[in-house]
Amino acid sequence: MAGAPLADTPSGLRAWLLSAEPHSRWQARLGRFYLGWRAFSRNPLAMVGLSVVVLLILVAIFADLIAPYSPVVGGDLRTQRLLPPNETFWLGTDDQARDIFSRIIYGSRITLYVIVLVALIATPIGLLVGTVSGYLGGWVDTVLMRITDIFLAFPRLILALAFVAALGPGIENAIIAIAITSWPPYARIARAETLMIRNSDFIAAVKLQGASTPRIILGHVVPLCISSLIVRVTLDMAGIILTAAGLGFLGLGAQPPMPEWGAMVATGRNYLIDQWWVAAMPGLAIFVVSLGFNLLGDGLRDVLDPKAAK
Amino acid sequence: MIRGGGHGSALRSVLKNVAQFIIVLATTLLGLAAVTFFIGRVVPIDPVIAIVGDRAPPQVYERVRMELGLDRPLIEQFAIYLKKAVTGDFGNSVLTTNPVLTDIASAFPATLELATLGTLIGVIIGVPLGVLAAVKRGSFIDQFVRVLGLAGYSIPIFWLGLMGLLIFYAKLGWVAGPGRIDVTYSYLYTPVTNIVLLDTAMQGQWDAFWDAFSHIILPACLLGYFSLAYISRMTRSFMLNELAQEYVIAARVKGLSEMRVIWRHALRNAAVPLITVIALSYANLLEGSVLTETVFAWPGLGQYITNSLQNADMNAVLGGTLVIGAVFVLLNLVSDLLYRLLDPRTR
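Respectively, the protein sequence lines represent chains A and B. Quick note: the first sequence, position 284, residue 284 per the numbering used here, numbers continuous. Quick note: the second sequence, position 327, residue 327 per the numbering used here, numbers continuous.
This is chain A alone, in the form it adopts within the complex:
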């Protein structure tokens, strides 16, 4: 952004944000954020991605208000079963005479639940393994990284399948299985960052002051690794959604009658030829949401990592 001619006499807030001599750490941070946002918002595809993600969150929060029908209790089984999309049931009804639109709306909660929990479980594991491994080095590093490589070597869906098989089907177990298979890339990134931080002067200074190793790792190394991890987690969200949907499709994720999108596609499979909408609509929802996360992640990467922006 250096050297870009600023707009003629920036107004109050912008001048404050773009100030070359910020008066507080807070102001400097907000200024950087503003510059990042400006670069990000210039990318239309990234903005589309952001809107999809924001929409997903809003829909999940206000599902009760948006959905016209219950996601679990169906209508009249004699007259309202497997209806094609119409004015009352926008996306049609399924085999239990439930409104597919309402089920998709409520399903957004499950999707959000899965990605938030996976991120909350996998990121700290990866962060801890990576920073400890990078900071301590030596045999700890070798052992931890070999373990990481082994988990990376396994195809993700198949490892998750094996875990769910052992733990038993269900949404919580699916989340645990996906989290167990997601942390290795985060550990790799955190380790790479730690290796760069480890030899800086400020770490040496903290060490001379007598800080313990856990204190240095948790208080000084971890915070610096978080930002690059966030980008990576965002980029992974689409993969997490697809894995969760795949597990749901195989009947190993959320159990009926939960309106999980992958499981809904699996139901629709039985009526594919004559009532295509039962399978098509939830799959479309999965597609749109993971596309949104992919676009958002791409945009974020372009802003935060100019080298990869090619």
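It is worth saying that the hints were derived from the structure and are not from the lab.
In silico SDA-like cross-links for lysine to any residue, where the CA-CA straight-line distance does not exceed 25 Å: (1) K83/B / R63/B; (2) K83/B / T102/B; (3) K171/B / D182/B; (4) K16/B / G138/A; (5) K171/B / A280/A; (6) K171/B / N270/A; (7) K16/B / A271/B; (8) K171/B / P84/A; (9) K171/B / W276/A; (10) K83/B / D149/A.
Coverage of chain B stretches by chain A, computed from C-beta distances (three or more under 8 Å per stretch; other residues unrestricted): (11) 27 to 38; (12) 143 to 155; (13) 164 to 178; (14) 278 to 286; (15) 289 to 301; (16) 322 to 332.
Backbone N, C-alpha and C fix where the C-beta goes; we use that ideal spot for every residue, glycine too.
Based on these hints, arrange chain B on the given structure of chain A.
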């Protein structure tokens, strides 16, 4: 970089690479076995009760427990498990009552056939698309490749498969439905390699061949699309890298035609990292085949694992997981090794 010793050092570096390769392979496979062993341990089903039933007297329970070796220390159990896994003994499948290895051996060719055809489609279409996107950067075709790639990373594969079946099988009738071959044709040839396209072609059963072809083409195109999305994206970025190099400018200055510069000079150099990418995408297709095979009722390894899963047949699940994991690791490492051997710069 200083090169010393000519032939001798080149050979030594190859040997060193191979030795490293074997060590990494061994530790990773050991790790894979440890993971599947661990998963087998955390199963909430007590394997003894699964055999004797929950009303068996305690002495019987104890005897079976000892026979299964469950009374020994965990590390000893793992050693036994490892010894059996190395000899290919994963126990018997509860579902089919065959040894798991026999089941896997009969299911694997189907997966191999599908994944190979998928990768072929991905390479044949993906590489030229990626090259074109890099050469005509920012053009319509570049945008097209970008969108194709993004969609490939976002579409649930099982859903696309179902939609493909709906359109091309149910509505248009261009391809055959789920399964590998129609029953009427399945007696016309004798399975030798268990790769149906190969078997039927070699035995001259062309009717059966075309039927098998119309069964495989849709799932293969599906896997091919996912492989294409990845391969074209990577080809583009490798080509962009090469096209910016000085030797490309030199070749142009020499007066070579643009075709020759792009397809002979630049692509040849981009081909080395591409091999890694292709091997990786091949490995990924093995994974993608789990869902695809379920959708298309394709009797491969993926369907075997999911079927066993739904019937809590842990021996089969863990054996299958270990085999797919091992193939995955092997493909990854082979691609890495190939890369080092083919690219003199890495020596």
